[in-house]
Amino acid sequence: MRRQVALWGLPADEPLEAVRLELSRRDVPHVVIDQRDSDHPVELDAIGALYVRVCESAPLQHHLFAWADVAEGLVINRPSTMWSNWTKPLQAELICSHGFAVPATLVTTTPDDAREFLAQYPRVVYKAVSGHRSVVSRLAREDLQHIADVATCPTQFQEYIPGVDWRVHVVGDAVFACEIHCDADDYRLAHAAGERVELKSAMLPQPLASRCRAVTRELGLSLAGIDLRRTENDAWYCFEVNTAPGFSYFEPVAQPIAAAVAQLLADACTEAAA
Amino acid sequence: MIDGCLLLLARAEDPAVRVLTQRAPDRVAHASVEDLSAPGWRYIVGAPERARARACGRTIEAERIAAVLCRIGRVSAGDMETVHADDREFAAAETTAFLRAWLTQFRGVRCNEPTWMSLAGPRWHPLQWSRLVTQLGIPASVAARESVTTIIAGRDVFGTTVPQLIDYSKRIASAVQARSLAIRFVRNREWWCFHSAEACPELDELNADALLDDLLAGDA
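Quick note, the sequences are listed as chains A and B, same order. For the first sequence, the positions run 1 to 274 when the numbering used here is used. For the second sequence, the positions run 275 to 494 when the numbering used here is used.
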């Protein structure tokens, strides 16, 4: 049977479109499944490899979601492997077990716990526990007057780690790394705040690259976007492993990530057809 | 509340709360959705011994909890009544994520292993169930001329005396790491086939006792 690569998500999504262009360049048969189009029939037997870039805010075809988890071919990434990024403190435990340093992290509904944590560390950030995209913010003195609000919703506090951000993408065995120079607490939102962000392609030290491959493999992923920070003392902290990374932002600095994803899908599709 | 209790995470209207708390009033600590939006919960990365929960309006050290039974698949916006209406979806997602981390880090007995789809255990799509039972060598079917529902409660199987269904039930429960599960089987001619499963079965006095005995064994 003739197999094709399926790309599932929103057609306007940049990473999805970048992978589609790379597949076109390679003349790899492919189909885009628009997640908003639940009436469109999908011939599952014809799919040799699948790239999942579904967006939480749009409707989801539940049958296809379940199929993506049990399908035999390559799926980047299977839904059941993406869950670790929906529970960040739990993912931090997994990251820790791979030899990365992780910042001291407390999640609490108890204001006294939060106050104790704040007294323990000179600088603290707070961020979402779940996969909801939220701003990483440094806790300011004036925030303390709202600390009782943690009682209504578990809130994650993290020791602030100064250093240089690195973003590492692992695609199969390939590793792409870049340094990010930015003064904002959350570089992803720095542009919007009018702050400067400088991305620089960089070579990750070999032991770190191996560790990134290992944690990606251990989480059952074929594609991951790993957020690291290197301190002045050369300690490497890992904050998060993004299981559906929006890699397009990093591609302009010589990061051919879409090409690597497309090649991985194309190879898997050929293998499935054989 | 004595040491070695069962932390029961369930909505107040869940009939299992009444059944379990009546059977073991001193051993079951019920955490309702109101307890989820109140001071007491704590999770520290890498320090399970410092975790805390809140139940019956009080804070409990995780080390005093022998076992956890979670009958809430995910926290919904409707559960977050004390939160501003605009923030309820976010608060529900955050609380669900927090509970998943808390349950996974917990070092005592987990009644059902939380899964990526549900805090209460294996709440899967029929495709996922079908793959699992096929891997176990158990046939699956949707036809329902005759059906039997078995209830797993700890190590016991209720609802059938058919040896094959007892065997199937135990193998499925073991594969999904669940001690509380309802499994429906249907018969096609001579063959019993898996039909569906539910991670939060109804509890009666008999299977509630079996479940409590299993979860709290060794901690009386």
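Errors might be hidden in some of the hints.
Claimed, not checked - Here chain B is said to cover these stretches of chain A; the calculated rule only asks that three of the stretch's residues, wherever they fall, bring their Cβ under 8 Å from a Cβ of chain B: (1) 87-94; (2) 97-110; (3) 121-130; (4) 247-253.
Unchecked claim - Over the 12 Å line for every Cβ pair with chain B, so calculated as not near, a few chain A residues: (5) Arg3; (6) Val31; (7) Ser38; (8) Phe117; (9) Val136; (10) Ala151; (11) Ala209; (12) Glu232; (13) Ala266.
Keep in mind that the hints were calculated from the coordinates and are not lab data. Cβ coordinates follow ideal geometry from the N, Cα and C atoms, glycine included.
Evaluated hints:
With 6 residues having a Cβ less than 8 Å from any Cβ of chain B, the region 87-94 of chain A passes the three-residue criterion, so the hint holds. Here the region 97-110 of chain A counts 8 residues with a CB under 8 Å from a CB of chain B, which clears the bar of 3, and the coverage holds. Given a C-beta distance limit of less than 8 Å, the hint that chain B covers the region 121-130 of chain A holds, as 3 residues qualify and 3 suffice. With a cut-off of 8 Å between beta carbons, the region 247-253 of chain A has 0 residues touching chain B; three or more are needed, and the interface restraint is violated.
Interface exclusion of A/Arg3 from chain B stands, the closest Cβ pair being 20 Å apart, more than 12 Å. Separation of A/Val31 from chain B is adequate, the least Cβ-Cβ distance of about 20 Å exceeding the 12 Å criterion. Once the 12 Å rule is applied to beta carbons, A/Ser38 is consistent with being away from chain B; the minimum gap is 15 Å. Not every CB of chain B lies more than 12 Å from the CB of A/Phe117, the least distance being 9 Å, so the non-interface label is violated.
Residue placement check: A/Val136 keeps its beta carbon more than 12 Å from all beta carbons of chain B (closest about 15 Å). In this structure A/Ala151 is not separated from chain B by more than 12 Å, as the shortest Cβ-Cβ distance comes to only about 5 Å. For A/Ala209, the condition that its CB be more than 12 Å from all CB atoms of chain B holds, with the nearest at approximately 24 Å. Its beta-carbon lying about 23 Å from the closest one in chain B, A/Glu232 satisfies the requirement of being farther than 12 Å from that chain.
Listed as outside the interface, A/Ala266 is consistent with that label: its C-beta sits roughly 26 Å from the nearest C-beta of chain B, beyond the 12 Å cut-off.
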